[in-house]
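Protein chains: 2
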Amino acid sequence: MRISELSRATGVPIATIKYYLREGLLPAGEATAANQARYDDRHRHRLRLIRTLREVGGLGIDTIRAVLDAVDDEGRSLHQVLGVAHRALAPAPATADPVAQEDVDELLDHLGWRIGPGSPDRVTLAAALTSLRQLGWEVEASTFVPHARAADELAEVEVGSMAGARSRTAAVEHAVIGTVVYGTALAALRRLAHEHRSAGLDIHRSAAGRAAGTPAP
Amino acid sequence: MRISELSRATGVPIATIKYYLREGLLPAGEATAANQARYDDRHRHRLRLIRTLREVGGLGIDTIRAVLDAVDDEGRSLHQVLGVAHRALAPAPATADPVAQEDVDELLDHLGWRIGPGSPDRVTLAAALTSLRQLGWEVEASTFVPHARAADELAEVEVGSMAGARSRTAAVEHAVIGTVVYGTALAALRRLAHEHRSAGLDIHRSAAGRAAGTPAP
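Top to bottom, those sequences are chains A and B.
Here the working numbering is used: the first residue of the first sequence is 259, the next is one more, and so on.
Here the working numbering is used: the first residue of the second sequence is 259, the next is one more, and so on.
Excised from the complex, chain A in its bound form:
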């Protein structure tokens, strides 16, 4: 198909497709004339993958390139490609208190998870614990255990489904899409569940509390 047909088939503007071609995210089409090229289903598929990483995952162009390079590199294992996708999705970790870091590392050990010592999400989790403590919450790292159990159950389903893929490319694409799309879906569902659960609960400071001027915690 021509670039105009590729644009219609995917809903991606021609100018954007040309930008992805220039940036090397999308491989060049087969040249058919001096200024024309033909594109096929693989281009359409790749274009949709780029748009998913962009729109659902909110990733920038450089990050998308890093993820696609890892997908394309046959030398990389699924585990390695997932690592690249994780680093692309993980926010730059904030600063964590060393004690909180130790507590979180212990929790992960205790869970029996095999996690690289340099995983940025170790720091992200410790930074979350640090914040709670600085805000006066007296919490241990075990406050995250329900979340860890839920995450592990979901990861079992998600990673398990990758094993059924037909080829390495299919498996790593599956992994990247799953990480991005199901991650976004989980965050949305958690907010929706909060909305649902808080609808039945309405805490207003009582008249007595207001009169007494009960301070913030």
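Hints in this document: simulated from the structure, not taken from any laboratory.
Given the structure is predicted, the values throughout are model-derived calculations rather than measurements.
A couple of the hints might just be wrong.
[Said to hold, decoys possible] From the structure, some residues in chain A lie toward chain B, with a derived Cβ separation under 7 angstroms:
hint	residue
1	Thr310
2	His337
3	Pro349
4	Ser389
5	Arg391
6	Gln392
7	Val403
8	Leu444
9	His454
[Unchecked claim] Estimated spans, in silico, between C-beta atoms of each pair:
hint	chain 1	residue 1	chain 2	residue 2	range
10	A	Arg266	B	Glu414	45 to 55 angstroms
11	A	Asp363	B	Val397	29 to 39 angstroms
12	A	Arg266	B	Lys276	50 to 60 angstroms
13	A	Ala289	B	Lys276	54 to 64 angstroms
14	A	Arg296	B	Gln338	49 to 59 angstroms
15	B	Met259	A	Thr353	34 to 44 angstroms
16	B	Val397	A	Asp298	21 to 31 angstroms
17	B	Gln338	A	Pro285	41 to 51 angstroms
18	A	Glu414	B	Glu288	50 to 60 angstroms
19	A	Asp331	B	Val415	39 to 49 angstroms
20	B	Gln338	A	Arg300	44 to 54 angstroms
21	B	Gly318	A	Asp363	30 to 40 angstroms
[Claimed, not checked] Part of the chain B face toward chain A, derived, beta carbon under 10 angstroms:
hint	residue
22	Leu279
23	Gly282
24	Leu283
25	Ala286
26	Leu369
27	Asp379
28	Ala408
29	Glu416
30	Gly436
Even glycine gets a Cβ: it sits at the ideal position worked out from N, Cα and C.
Following the hints, position chain B against chain A.
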């Protein structure tokens, strides 16, 4: 305490504190001289709350202001403040296919969740389903059921713990912090669980597959 002591106690640079004062995120201190003011524990607490929203939640200044205004507005219920926090955290929803939207709305009905018709996360979830289908995954909205169940269990714990708060201010702060910090922790734990679960699984395209040139799905 003076601004310099407030800075030392929280690790936030004086220039940043002054910026928050100018922007009205932090209330003015008690004036003690022409160019001096005294700050107290409430300032320290508010400053840590701002930094948590900024560093752990990754929120921008305008969004932080909207969340703090909702926290401070005694006329707003917990449910309403959570709504503001959710909208602050939710990414701008991508475009969703109308069929996917209908499927997602049906799923939420089926779960029995009380969700406002205009909740942006309805669209975010439908956009995730749209992306999967455009990439050739033959999935129904029920693909998100494990995530919905996990989200609901966590929301029950999280929203339940808000009910124990001593005052409205404590409850809404608890809700906002919980939404932001535990949301970040859950995302980090999910990536860590993927790392752990994929460590045992190494899919490489087999030699046979490579020779046959098995295409991507």
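Now for the hints, and whether the structure bears them out:
Among the interface hints, the one on Thr310(A) holds; its C-beta lies about 4 angstroms from the nearest C-beta in chain B, closer than the 7 angstroms criterion. Using the Cβ-Cβ criterion of 7 angstroms, the hint placing His337(A) at the interface with chain B is satisfied: the shortest such distance is roughly 5 angstroms. This hint holds: Pro349(A) has a C-beta 6 angstroms from the nearest C-beta of chain B, less than the 7 angstroms allowed. Interface hint at Ser389(A): satisfied, since its Cβ lies 4 angstroms from the closest Cβ of chain B, which is below the 7 angstroms cut-off.
The criterion of a C-beta within 7 angstroms of any C-beta in chain B is not met by Arg391(A), whose closest approach is roughly 10 angstroms, and the hint is violated. For Gln392(A), the interface hint holds, the least distance from its beta-carbon to any beta-carbon of chain B being 5 angstroms, beneath 7 angstroms. Interface hint status for Val403(A): violated, as the beta-carbon distance to the closest one in chain B is roughly 10 angstroms, over 7 angstroms. For Leu444(A), the suggested interface contact is upheld, since its CB lies about 5 angstroms from the closest CB of chain B, less than 7 angstroms.
A least Cβ separation of about 4 angstroms between His454(A) and chain B falls short of the 7 angstroms threshold, and the interface hint therefore holds. In this structure the hint that Arg266(A) and Glu414(B) lie 45 to 55 angstroms apart at CB holds, the actual value being about 46 angstroms. Between Asp363(A) and Val397(B) the beta carbon distance is about 36 angstroms. The supplied range of 29 to 39 angstroms therefore holds. For Arg266(A) and Lys276(B), the hinted distance range of 50 to 60 angstroms is satisfied, since their beta carbons lie about 53 angstroms from each other.
In this structure, Ala289(A) and Lys276(B) meet the distance hint of 54 to 64 angstroms, their C-beta atoms being roughly 59 angstroms apart. Arg296(A) and Gln338(B) have their C-beta atoms about 55 angstroms apart, which keeps the hinted 49 to 59 angstroms range intact. Against the hinted window of 34 to 44 angstroms, the Cβ-Cβ separation of Met259(B) and Thr353(A) comes to about 22 angstroms, which falls outside the hint. Distance hint check: the CB atoms of Val397(B) and Asp298(A) are about 25 angstroms apart, consistent with the given range 21 to 31 angstroms.
At roughly 50 angstroms, the beta carbons of Gln338(B) and Pro285(A) sit within the given window of 41 to 51 angstroms. With their beta carbons about 55 angstroms apart, Glu414(A) and Glu288(B) fall inside the hinted range of 50 to 60 angstroms. The hinted window of 39 to 49 angstroms between Asp331(A) and Val415(B) holds, with their beta carbons roughly 41 angstroms apart. For Gln338(B) and Arg300(A), the hinted distance range of 44 to 54 angstroms is satisfied, since their beta carbons lie about 49 angstroms from each other.
Look at Gly318(B) against Asp363(A): about 31 angstroms separates their beta carbons, and that is inside 30 to 40 angstroms. Taken as an interface hint, Leu279(B) does not check out: its beta carbon lies about 19 angstroms from the nearest beta carbon of chain A, beyond 10 angstroms. At about 18 angstroms, the closest approach between the beta carbon of Gly282(B) and any beta carbon in chain A exceeds 10 angstroms, and the interface hint on this residue is violated. For Leu283(B), the shortest C-beta to C-beta distance to chain A is roughly 16 angstroms, which exceeds 10 angstroms, and the interface hint is violated.
A hinted interface residue such as Ala286(B) counts as satisfied when its beta carbon comes closer than 10 angstroms to some beta carbon of chain A; here the least separation is about 18 angstroms, so the hint is violated. Using the Cβ-Cβ criterion of 10 angstroms, the hint placing Leu369(B) at the interface with chain A is satisfied: the shortest such distance is roughly 8 angstroms. At its closest, the beta carbon of Asp379(B) sits 4 angstroms from a beta carbon of chain A; the interface hint therefore holds under the 10 angstroms criterion. Contact between Ala408(B) and chain A, as hinted, is supported at the beta carbon level, the nearest pair being about 4 angstroms apart and thus within 10 angstroms.
Nearest Cβ of chain A to the Cβ of Glu416(B): about 7 angstroms, under the 10 angstroms cut. The hint holds. At its closest, the beta carbon of Gly436(B) sits 9 angstroms from a beta carbon of chain A; the interface hint therefore holds under the 10 angstroms criterion.
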